[in-house]
Amino acid sequence: DTGVSQDPRHKITKRGQNVTFRCDPISEHNRLYWYRQTLGQGPEFLTYFQNEAQLEKSRLLSDRFSAERPKGSFSTLEIQRTEQGDSAMYLCASLRELGNTEAFFGQGTRLTVV
Amino acid sequence: GENVEQHPSTLSVQEGDSAVIKCTYSDSASNYFPWYKQELGKRPQLIIDIRSNVGEKKDQRIAVTLNKTAKHFSLHITETQPEDSAVYFCAASDDKIIFGKGTRLHILP
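For the record, the sequence lines run as chains A and B.
No gaps in the numbering here: position 22 of the first sequence is 22 in our numbering, and each next residue is one more.
No gaps in the numbering here: position 92 of the second sequence is 92 in our numbering, and each next residue is one more.
Be a bit skeptical, because a hint or two may be false.
As the list claims (entries may be wrong) - Have a look at the derived ranges for each label pair, beta carbon to beta carbon: (1) A:G16 / B:N67: 44 to 50 Å; (2) B:N67 / A:I12: 23 to 29 Å; (3) B:Q45 / A:E28: 16 to 22 Å; (4) A:Q80 / B:Q14: 45 to 51 Å; (5) A:S62 / B:L40: 25 to 31 Å.
Just so you know, the hints here were simulated from the structure itself, not pulled from any lab data.
Think of the CB as a built atom: it goes at the ideal place given N, C-alpha and C, for glycine as much as any other residue.
Generate coordinates for the entire structure from the input sequences, incorporating the hints supplied.
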C-alpha cells in the first residue's frame, strides 16, 4: 500500500495515560498534517510539518500534545496525561509541496479514553 | 487565524436534483480551495479543488466556484445520485489547510 498509513487504527487507554500515534506519509510528500475529528465535525487542524520542521501548532492545542517528524519521513503524535475529551479520530494527511497539490489522508487512529 | 464557515450543516435533495454547499473563509492569503467527501467510517477524499487564479472549475457533475473578493466558494452537484450521500467538507489553504465543519448530504429516492 503506497498511501498514507497510520498506526494503530484503534487505541483504548485509561485517563491519565500517555499515548503515541504514528503516521507514515506517501514517500515523496514533504508536507505532513495532523488533524483531530470528532463525530459530526470537520477535521480540526492540530499541527503541520514541512520535512522535519514543525511550521505551526494550533493555538487551541494543549501543551499535553506534541508532535515530531525527526527525519522528515514518518511522524509521531503524543498525548500526555490523556483526558476523556481527547477521545476522537486522529487523522494524518500528506502532500507534495509544489503549488498546493492534493492532500491524501490516512485512515486515522481512533482514540477512546476511558 | 483562518476560519472557514460552511453551510448548510445538513442538506436533503431529491435524487436527480442539484445540491449547493457554500463556504466562506477569513484569510485573504488563502489561495487553494479543495473539497473533500467523507463516507461513513472512511477517510476524507478529494473530489475537486480550485486555485485562486480561477473563478470556476467543473468535473462532470461537480463544479466549484470561487469569489475571492467576497471570500466565498461553493460546491455544486448536479443530477444527484444515491452514491452522492456523504459528508462534504470545504477547506481553505495558504500552507496549512483549514476545514469547514461539513455538510451532511442526503439524497432522497
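Comparing the hints with the structure gives:
1. A:G16 / B:N67: 44 to 50 Å: holds, 49 Å
2. B:N67 / A:I12: 23 to 29 Å: violated, 46 Å
3. B:Q45 / A:E28: 16 to 22 Å: Holds: the Cβ-Cβ distance is about 19 Å, inside 16 to 22 Å.
4. A:Q80 / B:Q14: 45 to 51 Å: For Q14 of chain B against Q80 of chain A, whose Cβ atoms are near 50 Å apart, the range 45 to 51 Å holds.
5. A:S62 / B:L40: 25 to 31 Å: Since the Cβ atoms of S62 of chain A and L40 of chain B sit about 29 Å apart, the hinted range of 25 to 31 Å holds.
Checked against the numbered hints given earlier, this structure breaks only hint 2.
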